[in-house]
Amino acid sequence: MHQTKKHSVFIIVLLLALPFVAGVHLIVGQIDIDFSDYWNALFNFDGTNSYDIIAREIRIPRMTMAILTGASLSIAGLLMQTLFNNPLAGPYVLGINSGASLFVAFSIMTGIPFFTSTLGITANALIGAFVFGLIILFFSRFLRAQISLLLVGLMLGSFTSALVSIAQTVSQADELKVYTLWALGSLQKVEFQHLMPILGVFMVGIVLTFFVAKSLNILVIGEENAKLLGVNIKRARLFIIALTALFTGLITAFCGPIAFVGLAVPNLVRMILKTQSHVTLIISSALVGAIFILLCDICIQLIEPHFLIPINIFTSLIGAPFVVFIILKKLR
Amino acid sequence: MRFLLYVLPFLPLFGCNQKASDEFSEKTSGETVKIEYATNFNLQKTAQGYTLEIIDPTTGKIEHSYNINDSVQYDVISLTATMNGMYSILASHKHIKGISSIDYIYDPILHQRFKDKKIKSFGDETSHSIEKIISSNANTILYSGFGDEFPNQAKLEKLNFTIIPIYDWKEIHPLGKAEWIKVVGALTGKMNEANAFFEHVVNEYKALQKLAKNVTHLPTSISGNLIGDIWYTPASESYMAHLIKDAGSNYRYAKIKGGVTLEFSIEQIIQDNAKTEFWINPGYDSKAKINKANPHAKYLNCYYNTYCYSPNMAKFWERSAAEPHYVLSDLIHIFHPEITEITSFNYYEKIN
Numbered sequence: 001m002h003q004t005k006k007h008s009v010f011i012i013v014l015l016l017a018l019p020f021v022a023g024v025h026l027i028v029g030q031i032d033i034d035f036s037d038y039w040n041a042l043f044n045f046d047g048t049n050s051y052d053i054i055a056r057e058i059r060i061p062r063m064t065m066a067i068l069t070g071a072s073l074s075i076a077g078l079l080m081q082t083l084f085n086n087p088l089a090g091p092y093v094l095g096i097n098s099g100a101s102l103f104v105a106f107s108i109m110t111g112i113p114f115f116t117s118t119l120g121i122t123a124n125a126l127i128g129a130f131v132f133g134l135i136i137l138f139f140s141r142f143l144r145a146q147i148s149l150l151l152v153g154l155m156l157g158s159f160t161s162a163l164v165s166i167a168q169t170v171s172q173a174d175e176l177k178v179y180t181l182w183a184l185g186s187l188q189k190v191e192f193q194h195l196m197p198i199l200g201v202f203m204v205g206i207v208l209t210f211f212v213a214k215s216l217n218i219l220v221i222g223e224e225n226a227k228l229l230g231v232n233i234k235r236a237r238l239f240i241i242a243l244t245a246l247f248t249g250l251i252t253a254f255c256g257p258i259a260f261v262g263l264a265v266p267n268l269v270r271m272i273l274k275t276q277s278h279v280t281l282i283i284s285s286a287l288v289g290a291i292f293i294l295l296c297d298i299c300i301q302l303i304e305p306h307f308l309i310p311i312n313i314f315t316s317l318i319g320a321p322f323v324v325f326i327i328l329k330k331l332r
Numbered sequence: 001m002r003f004l005l006y007v008l009p010f011l012p013l014f015g016c017n018q019k020a021s022d023e024f025s026e027k028t029s030g031e032t033v034k035i036e037y038a039t040n041f042n043l044q045k046t047a048q049g050y051t052l053e054i055i056d057p058t059t060g061k062i063e064h065s066y067n068i069n070d071s072v073q074y075d076v077i078s079l080t081a082t083m084n085g086m087y088s089i090l091a092s093h094k095h096i097k098g099i100s101s102i103d104y105i106y107d108p109i110l111h112q113r114f115k116d117k118k119i120k121s122f123g124d125e126t127s128h129s130i131e132k133i134i135s136s137n138a139n140t141i142l143y144s145g146f147g148d149e150f151p152n153q154a155k156l157e158k159l160n161f162t163i164i165p166i167y168d169w170k171e172i173h174p175l176g177k178a179e180w181i182k183v184v185g186a187l188t189g190k191m192n193e194a195n196a197f198f199e200h201v202v203n204e205y206k207a208l209q210k211l212a213k214n215v216t217h218l219p220t221s222i223s224g225n226l227i228g229d230i231w232y233t234p235a236s237e238s239y240m241a242h243l244i245k246d247a248g249s250n251y252r253y254a255k256i257k258g259g260v261t262l263e264f265s266i267e268q269i270i271q272d273n274a275k276t277e278f279w280i281n282p283g284y285d286s287k288a289k290i291n292k293a294n295p296h297a298k299y300l301n302c303y304y305n306t307y308c309y310s311p312n313m314a315k316f317w318e319r320s321a322a323e324p325h326y327v328l329s330d331l332i333h334i335f336h337p338e339i340t341e342i343t344s345f346n347y348y349e350k351i352n
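Residue numbers (our numbering), protein chains in the order written: chain A, 1 to 332; chain B, 1 to 352.
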């Protein structure tokens, strides 16, 4: 009872903190944008007013994508960690991002217009993430040590990098440019008009994730025990992989590959809450992930007048030491 | 062929120059060849040919020194587009044995020679095969000098390769960039032709500059585009900013000093350029491509008024360094269509 209360308080604090941090994110930047600009941007938009444009087309999409990126990648990481019973699992280290990147690279470099469209890139990122999820799932059947699966993920990452490099050497300059720009990653490429469909897909993913929360709770005690408790393991695995692909592919398609969030955030949440309740973990990971990316992006915007850092570089700077900390903690 | 078009009108003058130049060479053996605008190389006439000194653009100190011997044929692997253009202008295609990639070549003669297997592609500076270089017919490598040294430089020098970094891209003055044709002149034994061509370029450039000086309105302009989250645009003391100024435009970032390139966030660009009239060099040749790379571009006034121009990439990179007067002419035509003396574009085109 005490634990449940602690979890509820934690989630309420996060729910209060999220709009506050999002508000700070909206006002931080080189250009001073006030509340009236946001009001006008949403309800009285003037396409010739630079303040309206910055508010509606840059700040709001950037803030929204920061929230969705943090939440999606954290949930994807949580799903993988539970599925593989491995605290070091995550969409980036297991090569799910690499799968999305590889499919996007190949589709762009075909030069076929559909594949370079937003829809084409999104579809390919989702398929790539799902295929690589299945590959990891396949290898996981043969591996016992937790570290072995990570090594397979690492190898998948190296293998896809090599394939992408080969594709780059034979591709035309235009396609190469499109891929390079996509791979740089950005939270601000998304346009205001695209936010609703992205948000819609994200919400579908969230709802479906709650459907598997019960299976995830049981998976924690091991697959054999889960089978005895009536969980259809094969179906649950495929469903979890599909959800992971949905979250990872969606974000990779629009923001490029972003490292370490999916690995670090669920671990941080588990360390704080010390629970195996996946409803709590899903909500908390999503909120902590969203706040984490918002804070990272606020830092980026604060140092922007001096030098510009891409979001994926910044998350790596913070996430990598944290992952080393987790590994050291586990080794002890 | 194109070289002849440049040179034919000057043939009488050219003949005199040839003689004068020979006399000058004899008299000034060991003296510095006149370099008016370029800052990153020196040339000295010697009894055997020339001494070429490459100057480090950052420190201003001599980085490399080469003895170019008139009796040696310098066959090159040219990994810089601008040098390819200068070899083409001096009709010295036969000296090019290697390029980085045929995809970036404009000159039809180079394309034909590539088809005839007289030219091979070697990849860029970082991804070449050393054995392929050794087995080529070349004895000289021209590269951009982005890094400190050419990869495997020591090994290649032991095999008697001459490796020359080309810092034309670090020249600030457009005519300084064009003056690098004198390096090609020294390497190909065509210094007189190089001098004549450069003199022609200087005269044309100055005449155009004068034309643009008489305008009453200086329209505002920006250059560059987003790469990732960063908008890269030329600094005020850069080559492109120099051209924009000479073409009679008020470059939006003309007052910000330092470096070759400036970096801005998209927010800053939108804020600063609400009323900017022209956008040049967006890096793409269609609005569809611009929209894909930078979906916020449509909120720039210059985008809506379709004043975006983009160069024909391969042609531009290969020839524009040697032909800054053509670039200047294009920019004047963009910024001042009222000037009736210029009626067409050389490199640029309007983006639709």
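For the record, the hints were derived by calculation from the structure and aren't laboratory data. Glycine is no exception: its CB is placed at the ideal position from the N, C-alpha and C atoms. Among the hints, a few may not be true.
Said to hold, decoys possible - Okay, the calculated beta carbon distance ranges per label pair:
id: 1; chain 1: B; residue 1: Lys275; chain 2: A; residue 2: Met196; range: 45 to 55 Å
id: 2; chain 1: A; residue 1: Ser165; chain 2: B; residue 2: Glu341; range: 47 to 57 Å
id: 3; chain 1: A; residue 1: Ala145; chain 2: B; residue 2: Gly60; range: 57 to 67 Å
id: 4; chain 1: A; residue 1: Phe159; chain 2: B; residue 2: Thr46; range: 50 to 60 Å
id: 5; chain 1: A; residue 1: Ser161; chain 2: B; residue 2: Lys34; range: 29 to 39 Å
id: 6; chain 1: B; residue 1: Lys350; chain 2: A; residue 2: Thr118; range: 52 to 62 Å
id: 7; chain 1: B; residue 1: Thr46; chain 2: A; residue 2: Phe307; range: 38 to 48 Å
id: 8; chain 1: A; residue 1: Leu134; chain 2: B; residue 2: Ser121; range: 53 to 63 Å
id: 9; chain 1: A; residue 1: Ile166; chain 2: B; residue 2: Ala154; range: 28 to 38 Å
id: 10; chain 1: B; residue 1: Glu157; chain 2: A; residue 2: Ser165; range: 26 to 36 Å
id: 11; chain 1: B; residue 1: Ser121; chain 2: A; residue 2: Lys214; range: 52 to 62 Å
id: 12; chain 1: B; residue 1: Thr59; chain 2: A; residue 2: Phe322; range: 38 to 48 Å
id: 13; chain 1: B; residue 1: Thr59; chain 2: A; residue 2: Leu16; range: 51 to 61 Å
*Between Ile166(A) and Ala154(B), does the C-beta distance stay in 28 to 38 Å?*
About 29 Å separates the Cβ atoms of Ile166(A) and Ala154(B), which means 28 to 38 Å holds.
*Is the gap between the beta carbons of Ser165(A) and Glu341(B) within 47 to 57 Å?*
50 Å, holds
*Please test the hint of 52 to 62 Å on the beta carbon pair from Lys350(B) and Thr118(A).*
26 Å, violated
*Could you check the hint for me, namely that Thr46(B) and Phe307(A) are 38 to 48 Å apart, CB to CB?*
Given about 46 Å between the Cβ atoms, the range holds.
*Okay, Ser121(B) versus Lys214(A) on CB: inside 52 to 62 Å?*
59 Å, holds
*Evaluate the given range 50 to 60 Å for the C-beta pair formed by Phe159(A) and Thr46(B).*
Holds: the Cβ-Cβ distance is about 55 Å, inside 50 to 60 Å.
*Range hint 45 to 55 Å: satisfied by the CB atoms of Lys275(B) and Met196(A)?*
32 Å, violated
*asked:* Please check whether Glu157(B) and Ser165(A) have a Cβ separation lying inside 26 to 36 Å.
replied: For Glu157(B) and Ser165(A) the Cβ distance comes to about 29 Å; the hint holds.
*CB of Leu134(A) to CB of Ser121(B), is that within 53 to 63 Å?*
39 Å, violated
*asked:* Can you tell me whether the CB distance of Thr59(B) to Phe322(A) sits inside 38 to 48 Å?
replied: With a Cβ separation near 41 Å, Thr59(B) and Phe322(A) satisfy 38 to 48 Å, so the hint holds.
*Pairwise beta carbon distance, Ala145(A) to Gly60(B), judged against the given window 57 to 67 Å*: 58 Å, holds
*Range hint 51 to 61 Å (beta carbons of Thr59(B) and Leu16(A)) holds or violated*: 56 Å, holds
Consistency note: the structure conflicts with the earlier hints numbered 1, 5, 6 and 8.
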